[in-house]
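Colleague: Protein chains in written order, with my numbering: chain A, 1 to 899; chain B, 900 to 1038.
Simulated from the structure, these hints should not be mistaken for lab results.
Hints may be right or wrong, so weigh each one.
Said to hold, decoys possible - Simulated pairs of lysine-lysine, DSBU-like, Cα-Cα distance not exceeding 35 Å: (1) A:LYS331 <-> B:LYS1033; (2) A:LYS754 <-> A:LYS787; (3) A:LYS108 <-> A:LYS190; (4) A:LYS479 <-> B:LYS1001; (5) B:LYS927 <-> A:LYS95; (6) B:LYS937 <-> A:LYS308; (7) B:LYS991 <-> A:LYS95; (8) B:LYS991 <-> A:LYS280; (9) A:LYS407 <-> B:LYS1023; (10) B:LYS937 <-> A:LYS95; (11) A:LYS160 <-> B:LYS1033; (12) A:LYS380 <-> B:LYS937; (13) B:LYS927 <-> A:LYS331; (14) B:LYS1001 <-> A:LYS331; (15) B:LYS986 <-> A:LYS39; (16) A:LYS160 <-> B:LYS1023; (17) A:LYS131 <-> B:LYS1023; (18) A:LYS39 <-> B:LYS1001; (19) A:LYS190 <-> B:LYS1033; (20) B:LYS1001 <-> A:LYS78; (21) B:LYS1001 <-> A:LYS280.
Now for the letters of each chain:
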Amino acid sequence: MPRSLVGGDLAVPDMAQPYMKKDDDDEDVEYSPFFGIEKGAVLQEARAFHDPQLDARRCSQVITKLLYLLNQGETLTKVEATEVFFATTKLFQSKDAGLRRLVYLMIKELSPSSDEVIIVTSSLMKDMNSKTDMYRANAIRVLCRIIDGSLLTQIERYLKQAIVDKNPAVASAALVSGIHLVQANPEIVKRWSNEVQEAVQSRSALVQFHGLALLHQIRQNDRLAISKLVSGLTRGTIRSPLAQCLLIRYASQVIRESSLSTQNGDSPFFYFLESCLRLKGADMVNLEAARKITEMDVTSRELAPAIKKLQEFLTSSKPVLRFAAVRTLNKVAMTRPLAVTNCNVELDILLLDQNRSIATLAITTLLKTGNESSIDRLVKQITSFMSDIADEFKIVVVEAIRSLCLKFPLKYRSMLNFLSSSLREEGGFEYKKAIVDSIVTLISQIPDAKEIGLLHFCEFIEDCEFTYLSSQILHFLGKEGPRTSDPSIYIRYIYNRVILENATVRASAVSTLAKFGALVDTLKPRIFVLLRRCLFDTEDEVRDRATLYLQTLGGEVAVGANEKDVKDFLFGSFDVPLANFEASLRTYEPSQKPFDISMVSREVKSHPIQEKKAPGKQPHGAGATPAPVSAVVSYQEMLSSIPEFSEFGRLFKSSKSVELTEAETEYAVNVVKHIYDNHIVLQYNCTNTIQEQLLEDITVVVDAMDAEEFSEICSKPLKSLPYNKPGQIFIAFEKPERVPAIGKFSNVLRFTVKEVDTSTGEAEEDGVEDEYHIEDFEITAADYMLKVAVSNFRNAWENMDLDSERVDEYGLGARESLAEAVSAVINILGMQPCEGTEVVPKNARSHTCLLSGVFIGDVKVLVRLSFGLSGPNEVAMKLAVRSDDPEVSDKIHEIVASG
Amino acid sequence: MVCVFGCILRFHGVPAEERLHWRSFLVKLGSENLKGSKNEELHVASHKSVSIVYTLIGDVCLYIVGKDEYDELALAEVIFAVTSAVKDVCAKPPTERLFLDKYGRICLCLDEIVWKGLLENTEKDRVRRLIRLKPPVEP
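One chain only, chain A, in its complex shape (with noise of 0.2 Å):
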């Protein structure tokens, strides 16, 4: 039971309102308790506190007001929430019980500051000891809320007398109050380990499953220690249903977590969850043992006994059990959809059911098992079920019909009429964006549905009420258009937007306009007639747009050598990533330098600067770069803002950061290595972890013998290091242009250490030299690679040029498994697996993996790889490799027969 939460309430006024039956003259307002109440009276009332002989009846109706305030939103100030809570503490004087309780949660809903908690600590301490059991119970409980770690030492004793308390409310405030306490107090909440295992072995039941989730949140960083209270467990008897559905998930947690070593139907847990299947009365636990069986990588026949019983639970009376087993049915049906055919028939009743929520998900379970015959009939009865519905499940039943028509082309049609139809129903942008892009991935990937589709959006956007959508499909439309079989049907819609819509749509469709006249040339004197009536136009934008294309396709204007060129020009890709252009062009400052397209990256990967970071680490090296779009883009501009690195050109590719230092070590090290043509560029990330420490002149000495050829140029030392705040010492290399050379380098870091006197901050005058190893790293081939995936690697290979092609045999050795020397390789070469042909089923005997990516000096390049095991684990491999330039496709080999 990991405490996924902090405190904090908040009331919000008429909550109940809207389903408040009233009265016709609104009697039960004006008699309400708490009519016209008012901070400022209760407050004054609150005075009955003070009273030498108190009315406990009527301080109980005061904190009862109080209370009401609270929870209303109303919120005290400092001042008052102290008198009030100063009052409160007198109420401990009264030994009237209802009193007493609403006292103890009076103070923990006025949660006290630390200086008001000791007014409160020595009434709660004696009521701790009390012989009064709920005295002692509710005590912890308010104490455990106030307290701080220093406090908690002192109670630690009561706390863990309390959890062996023979009165379970006892205990289980004591359990709860750790589960709570254990966040901040790791250490202290440990030690209590022996009692809380007594407390798993209690007779009650709600004590157990405290006892069991504390017990496990003691644990839960020491794997055998889990295994072994799981173990013990399960051939024991709990009793809460609320602990087995506990028991049932660390039993999966420890079975997911040693699956690497054995099967899973041979484990002791996996027997246990299938008991768990069968037990007797207990739906709660029956379910989330089903749960979590399809949730693990089980073979059809482990699968089987899981999916019956869900099964079962579709047609149960509950509401609850129906959606918690289609829930689940949902998402197996994701992964695994024939093994939740055999719930169809039940899955087809809840279409109908009364809670939306199960009809949604039973539909979207249907669509995913469904087959080919029963699409239209499926589709017909989500359309009569979509009006009832809200947006939100509207979108996953778009998304599922989507993918359930990329799995039957051929019932394209009846789908794409539902979605346009969904289309001009009425529902919000996400809905409506979610249909659009379903019809564009259609279109893209079914080439017959693409006129149906293209007409389709040509009537949306008559009626389109979102700028984005109309901008995104007249931009689709002239990409697809003009290469139907008759474009001009499409102009009439298109230029009706130039007519009626705003200047955003209206530029949009001037664009297409020129598309279509661009590459349809019957059409292109017409369209010219059009372009020529946006001249007109009240925005610059559109004008601009309009003059443009009449400029250029008409010839007045020359661009390039020939029509293909003005083409390119006007429409082609720009062949860098756009988000990495935008940063470009957002860091860009209007100068007399133009802006160079071709300084922009092509890396599209995008990883996050600070990927090693984690709670409560110090942050490594690179934290004082702001956070980019894309890494390499921020370390282009970050670089090229140093005068010694300007004149490197544009910026290849940066690796990863490579660690060079232990983990909380004196002294933190990284090394991002930076690849131009001629160039490479070593930034180290240094951070000092000594708060006595002030480093000052660091550098760090490169040994580069073992990397003949590179020969260093220049250097950027640190001044100053100061704890905690990270620096970079950067080291140019020049090497031979467009040459992938490799070399090993070692390291020291040198630098002045001075002391600091951590009580006033100020260093030393005098320092003392000192050095310091790091580890060595390696300049790879696969650093000359960047990461670039191709969508459709077939047609990528095929147009690629024979004569490149370069094959090769290599036989790979004995290896641990086939999926370890294919990912060896991949590492090797530093390419993108394409398709997920990274992932090898399990027990395959071969494989074939597709890598793409772009070799320095911008050489495209797809690689082949066929793996096949031959004898136990010997590991036999076929690399093909075709690229924009056939000696690249020779150094490929090299790279692999060296690796």
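Assemble chain B onto chain A, guided by the hints.
Modeller: For chain B alone, kept in the frame of chain A given last:
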């Protein structure tokens, strides 16, 4: 995360800025689905990664929201505990007036059932004793 929600609204683990969003989301959910709902009929929904179980008891809407281990099944236990406790305190499905009359008691029941987002007690008889500071009777 559990939030119990009648005239009393409690959030645990929900950032302050998201609370209003939650409030309007739940009100909308209730207005779409609780109309004509039977007394204590259980409704269930999910929103992003959280589960929501809600019901109408007398004049009062009750919503319980949770995530992770507080899935729909665990929340059903919680809502059952809350409805039984409310009925027990009010002696019948409450009108708005009755609910407010018993406000103090109901606050105490909620404090016993859910404590800072963790389920602590589930049985109404036990809760009834606890709010009177009487020790529970174990079966």
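Colleague: In ascending order, which of the hints set out earlier in this document are inconsistent with the structure?
Modeller: 1, 2, 4, 5, 9, 10, 14, 21
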